[in-house]
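Trainee: On the provided structure of chain Y, position chain C as indicated by the hints.
Number of protein chains: 2
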Amino acid sequence: MQQDRFSAVGSNTKRQDAIEKVTGHAKYTGDLALPGLLEGKVLRSAFPHALIESLDTHKAEALHGVVAVLTRDDLKDIDPYYGHCLRDRPLIAIDRVRYIGEPVAVVAAENRETAEEALSLIDVRYKDLPCLASVEDALAEGAPLLHENVAGVGEFHEMGGVGDQKKSNVCHHEHFAKGSPDKGFEEADEIIEETYEFPMIYHYTMEPHTTVAKYTQESITLWTSSAHPFLVRAEIAHMFGLPHSKVEVVVPYVGGAFGGKSYFKIEPMVVAMARKTAGRPVRVAQSVAESMLTIRRHSAKCRIKTGVTHDGSVIARQAEVVMDTGAYADNGPRVAKRAANRIHGPYKIKHCKIDVVAVYTNTVPAGSMRSIGGPQTIWPLESHMDSIAERLGIDPLEFRLKNFLRSGEELRAGAKAMDADLAVGLKEAAACIGWGDIERAPGRGLGIAVGVTDSEAMPVSVALVRLLADGSVMVMAGSTEVGQGTRTILSQIAAEELDVPVERVTMQGTNTSSTPFDRSTGASRSTTVMGNAVKAAAEDLRQQIIDAAAEVLRVDQNNIELKEGEVICGDKRLGYGKIVALFFGMPGGELIGRGYIRPGGGMGTQLPVFWETGMGGVDLNVDTETGSVKLNKYVSVADVGKAINPAQCEGQDEGAAIQGLGHTMFEALSYENGQLLNPNLIDYRVPSITDLPVVFESKLVENRDGPGPYGAKGMGESGIVSIAPAIGNAIAQATGVRIRELPLTPERVWRALKNAKRG
Amino acid sequence: MQQDRFSAVGSNTKRQDAIEKVTGHAKYTGDLALPGLLEGKVLRSAFPHALIESLDTHKAEALHGVVAVLTRDDLKDIDPYYGHCLRDRPLIAIDRVRYIGEPVAVVAAENRETAEEALSLIDVRYKDLPCLASVEDALAEGAPLLHENVAGVGEFHEMGGVGDQKKSNVCHHEHFAKGSPDKGFEEADEIIEETYEFPMIYHYTMEPHTTVAKYTQESITLWTSSAHPFLVRAEIAHMFGLPHSKVEVVVPYVGGAFGGKSYFKIEPMVVAMARKTAGRPVRVAQSVAESMLTIRRHSAKCRIKTGVTHDGSVIARQAEVVMDTGAYADNGPRVAKRAANRIHGPYKIKHCKIDVVAVYTNTVPAGSMRSIGGPQTIWPLESHMDSIAERLGIDPLEFRLKNFLRSGEELRAGAKAMDADLAVGLKEAAACIGWGDIERAPGRGLGIAVGVTDSEAMPVSVALVRLLADGSVMVMAGSTEVGQGTRTILSQIAAEELDVPVERVTMQGTNTSSTPFDRSTGASRSTTVMGNAVKAAAEDLRQQIIDAAAEVLRVDQNNIELKEGEVICGDKRLGYGKIVALFFGMPGGELIGRGYIRPGGGMGTQLPVFWETGMGGVDLNVDTETGSVKLNKYVSVADVGKAINPAQCEGQDEGAAIQGLGHTMFEALSYENGQLLNPNLIDYRVPSITDLPVVFESKLVENRDGPGPYGAKGMGESGIVSIAPAIGNAIAQATGVRIRELPLTPERVWRALKNAKRG
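Which chain is which? The protein sequence lines are Y and C, in order.
Residue 3 is where the first sequence starts when you use the numbering used here, and the numbers rise one by one after that.
Residue 3 is where the second sequence starts when you use the numbering used here, and the numbers rise one by one after that.
Think of the hints as simulated: they come from the structure by calculation, not from any bench.
This one's a predicted model, so the numbers in the text were calculated from it and none came from an experiment.
Which copy? The list can't say, so a pair holds if one copy fits it or any two copies do.
List time: in silico BS3-like cross-link candidates among lysine-lysine, alpha-carbon distance up to 30 Å:
no., residue 1, residue 2
1, Lys418, Lys701
2, Lys29, Lys278
3, Lys635, Lys701
4, Lys248, Lys29
5, Lys180, Lys355
6, Lys23, Lys278
7, Lys16, Lys248
8, Lys580, Lys248
9, Lys580, Lys418
10, Lys16, Lys278
11, Lys248, Lys574
12, Lys248, Lys565
13, Lys580, Lys78
Chain Y with its partners taken away, still in its complex shape (with noise of 0.2 Å):
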C-alpha cells in the first residue's frame, strides 16, 4: 500500500545515539568491566607458513599474575574449527601457522601488562614451510597445499554449496556463463581487453576487535563488537556443544564494522580462552596493528575484455578475476560469488562468461568489507566502460545510458530483475558536475562511473514492537548499531506505523538471549529487510491496540482511528498507554506486536533482495609535473528507494564514498614474503577531513521502487564503488592516460603520465 502522508519517515530525526556518543557516554565493548575480569593478549605466529614442532608455555603459566594459557592442547574436545562458507580455521593454530599475525597462543593474567610479559616466555619451535606469498606462488605448479583436506574439513554449509574438490589452494571458483560468449565476440566489431589491480585494504573502524567471554558449566557469555551476533551464537554453539539457548552474545555499540566484523573473528579464541579460566571472564581487546593481522579485503587481478558493435552495443564479455583470499576462507567464496555478478556490471549483455576464483595464500584472511567484492570488480568495470566508449568515440555517458538494463530487465538468468531506474541517477550525477558543459581546459577531467551490486541480504529478520502501559515504544530488533544509525530509523519506521512521536521510540543494543532473530548487520540490509520486519510487527501491534481499544470502549472497530498516540472514537481521545491500562485492568501489561520476514514472505522469493545502486560524478585537476590529483567536486548519487532518514542516507553516502577515496588515492596494505609491512596508521593512510574535495556533494534519488518499508532499498555501501573508476576516469580525460592499479597516489599517477610520454 503506497502511503502518501509521513510523520516520522522522511524526517530528519535526531539520532538515538547523538547525546551519548558526542559527550562520550556511549559504551562499547571495551569499555565492559566485569568482576574478575581478565585480560587475554594473544601469541602471533611471526612465520608465515610453518609446522608448529613445540610449544612450551610452562614459563608463562608460572609467572605471578598469569591465570591459564590457551593452546592447541585445550582444543581436544571440542571442534575447534570455525567459518561460515568452510570450517577451515582452527580458533588457535594447531599443527601449522599460514600467515604472520596467526594465534599461537593466549595468555589470560590479572593485567595487561603481564599477560605481555607472559608472551614473552612462551617458547615456540617452527619449522618454516615454503611462503605463498602470492596468488601466483599459491596457483604454481607444485605449489603447497594450504588446506590440503579443506572440502572435507568444511563445506559450504551456510549456502548450501561445497568447496572446490579439486586439491589446490583455489578456495572457492564461481563460475557464470550465458549465451555463446565465443560468438559473441565473433560478432563483435570492436575487442577492448584491459587488466587491472586492486590493492588489499583494510577496515579501519575506530574500534579494533574486542570481545569479553564468560563461560560457565552451563551457559557461554560473549560481549563482542560483532555485526552478525546470531551467528556468532549458532557458531559458538556448534563448536562448544551447547544449544542456541545457552550462549548469549550481547553486542553494545560497536565502533564502526564495515564488514570486518562480519561472521566471527576472534570469538571462538576468546571463548576457549575463557573455557580455561575457572569461570573468570576474558577479555581480549585488540590493537589496530593486530586487527590489521586478523581480516581485510581481497585484493585482486581482473581481466576484462568487451566485445561491442559500432553502434556502441555490448555484445559480449569476459572477465577473469583472481582474488587473494589469504591463508583462511572467512567469506572468500561470497566475495567470489558477488564478484561474478558485479563485473558483469548493469548492462544488457547477451554472451558472457565469468570465472572468479579466491585464492589461498599465506596471508591475513581477507573477508567481508563494504560492497563485497564490489570496488574490486566495478574499479575495472567502470574504467573498462570508458575505455570501450573511448575507442568507440561515443560520449561514456550515452554508452552507459544505452547499455543500461532498464527496471524489470534481468542481469542473469533465476536472479531477480533490475529494480531500478539506473538512468535517472547517473543523468543527476553528470549534470551535478557539470558534465558535456564545463569548458576542457589541460589537466582538468571529468569522470563518471555507476555502482550496481547485488545485495547479498538475506531476507530473514524477526522483530518485536512493544508499546508500554505509558505509551512509550520499544523496538527489539537485532540489528546492530554499528555507527549507521540503525536505531534511528527502525524507530521511525515504527513510530510511522503506529503514528506516535518518533521521541516516544527506543530501540536498545543487541542481546541474542532477547532480542529476536535477525541474519546480520551488513549487506545494506537492515533498512530494507529488518525495516519490513519492523513494519509488520508494528502493524500488527496497530491491530492489536485497535482491538483493544474497540474492546474497552465498546465500540466497533471502524468507529476508532489512531492518530499521534491517541486513540481517537467520536469525541473520545485517549493516549496508547490508557488502552493499554484500561485492556488489563491497570496501569501495567503490555502489548507486542511480532513481525517475521522471510524468503517468500512478503520479500519475493528471488535474490537479491534489492540491487543496490548509486553513481558517482568528478571535477578534478591533475597536476602534471607531480602527479597530484585536487578533487573540485565529487557527487555521490545513491537510489534509496525512499530515504527514511535523509541526513542519515546522506552520512552514509558520504562515508562510502570518502571510505572509497581511501583505496583510490592512499591505502594498500603492502606484503613482503608474507609480512605485513605497514600495520600502522601512519604507514598505512587512511582520508583525513583535509582530502575532501572542495564541493563533495550526496544526492538522494528517491523512487520508491524498494522492497523495504515505504520503497526503501538498501544504501550505504554504494557510495565506495563508484569513486575509484569515477577518478580514473577524469584523470584518462583529463591527461589521456590510463591507470589501471590502484591507489592513485601522487607517485603512480606521476609515473603513469612519464611513461605514456616515453611510450
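Mentor: Just chain C, lined up with the frame of chain Y:
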C-alpha cells in the same frame, strides 16, 4: 481442556538454578561490578520523630574519595514522594524523620570505608517531637499527626480507592459487614470473645536489600533485588520524569523476598543518589541490620467475638484488628484489606462485622510479608475456633468441618466463591497426626488449624516463548527467581505445551527492557497467573509450529502431530528446529509465541484469582516445668490444585511452615520508645535446623481445581499461617491453658502455666 498425560508437568525436574547456586556461581545484585561503581552508605535517623533543623554536609563532601552526598536539597526538581498505596514517603527525609533508621543522607564514595567515614562528618540538627511508639500512642486523643496531608499527598492510586480522609494517624480503615451482626449475636446461644496479639516480624532474607543505579541524561538503569521490577520501573519513571521505556530494571537472582522486596524499597533513594554522581553508578548494599530498619511485618492486636448455637453453628462474628503499619504506608492499606477477609475465615457466617485499621507509628514501616495479613489474623481466628469448640464441647475438627464454606459458596458478596474442598485437606492433616487415635498423655497435645487466604494476585502477566532454529526454547517471563523455583516451573509448563524435553527450555532473569510485563512476583501468583501466560504463549507457538510445518512440508495441518520435540507427518520426523530452518530458508530465524493474561481474559473477572488453602497439624509435648515445647510431628497440607513440580511444592510448603515456626516460637522485633532493640540475628532469633519437628511432612492436595495451568493454584504462603494456631491449640490441649500472644517462648509458656495455676 483437561489433559490426562503429562511429560514435563508433575515431574521433579532439576531446578534450573541448582548448579549455579550450589556451586556459588549464581550472581546477585551485590555481585555486580560496573566501571566506576561507587559505594553508597546511608546516614539514618537516630530519632524516632523529629524535625530536621539543619543538615551540613560540607565536611563530608570535602573528604577525599567522596563523590557526592544526597540530601533533601537535591529533590527540588523531582517528585520525591513514593508509595504504591499512598505516596506518603519521601525518598530521603525532607522536613522531618519519622522512625529510627530513616534515611537522612546518602554518601557516594570511591569505597565503602570512605563512605562510612563520611557519614560521621555529616552534621544534622534535630528538634525532637513526641514519639508515637505504639498504636495506642498514635490513636490517643491529641496525638500529633504523623502525616498531616496524606490524603492530599497520595491517593490509594493503584487500588482505585483513597486513604482515610479523617485527619488521624489511621493510615487505612477497612470495614466489612454482612447480615445483621447485632441480631446475630442476639440469636446466639453462646458468645465467645477473646483478644490476641501478634508480634512485629522481620522477613530475614539471606540477601539484604541491594540496589545499583546508573543515571544518565536520557535513561536510568537499575539492578535491584526486587520482586516487583515492573512496578519499580513505573514508579521510578513517574518520580524522575522519564518514559517507562527509558527505565531499565534488571533483576538477577534474588536471595529471598517473602514480600520484603515488594513494590519499592531503597530504589528511589539509590536512583536519586546516582543522579548526583555525574553518570557514575552507585551501589547501596545494605546490611541485615539496615534491612531490619527498612521493612517488617505488621504487628496486630485482634479482638474477636463469635456467636454460636449449641449445635455448633457459627452465626455471627465481630472482629477488630489494629495493625501497626509504622512510619509510612508501604503496603499497609492492602494488608488491612486482606486481613479483613482473613479474620472472617473460610466459614459460613451469616452475620459479621469486621474492622481493620492500619495505624501510623514512629517505627519501621510495615508492608507485605508472606501471606499479607494472614498470620496476624489466622493465629487469633484458628485459636478462637478451638476455644469455641472447647466451650461447646465439640471436637475441633468436627466443628470446623461443620462450618466450612463448601466449594462454590461465597465468603462475601462480590468475591470469588470458595474454589477448594477444604474438608479433604483438613482431614488429611488430622489423619496424619493421628487425630482421634493417639493416646492422651500428660503434657502431650494435638492441634490443627486451617489457613485460607484470598490471594492478592492480580491477573496481569504477559509472556513470550521463543523457539530457536536449533530447537531450543526460551521463556521470556517477568517472574523473578526469588528462590521459589519459578524459572523451572515456567519452563516445565512451556515444555509440556510444546512437548519438548524440559532440559531444552531456558528461562532467564528479568530485564524490563526485554522481558514482557508482569504485575509482580508475590501473592503466590507466578505459577497460576504467569503460568497461564506462558501456557498461552506456548500454545500460540505450538500452533505456529504446526502452521510452519504444514507450509514447508506442503501437507494439511491435520496430518501433523507434535511429539517429543519433533514434527511427525506420516513417516517423516523433523525436529522443531529443522522446521524453523525450513520456514526461514536458513539455519536461523525463530518463532515467537505470545500470551496475555488479564482480568476477564481467561482467568475470570472475580477476585481473588484463587483461594490459597493450607492446613497444619501438630503433635507436641509441653514441658510444664520449663515451658519448652517439643514438636513430635508437624504436617503441613497444601491444596495446590496440581503440582507442576511436587518436590518444589513440598520445599516451598515446608519453608513456609518453618518460617511460620519462627513467629510461633522465637521471633519478635522488640521496640522501646521507637528504638528497635534487637536489629541483629543474635537477638532476633530465626529457626535453625535443630528446631525442626522430629517428623516433618508436607502433603499436597491435588484436585486439579485451580485456575492455573493444568488446574494448578497458588501455594507457598499457606504453610506459614496454620502453624501458630495449630501449636497454640495443641498447647491448650496439652495443658488446658490458652495462650493468646506470640511467640510461644519457653518463658511465655511457663508464665502462662504459672498464672493459670494461680488463677
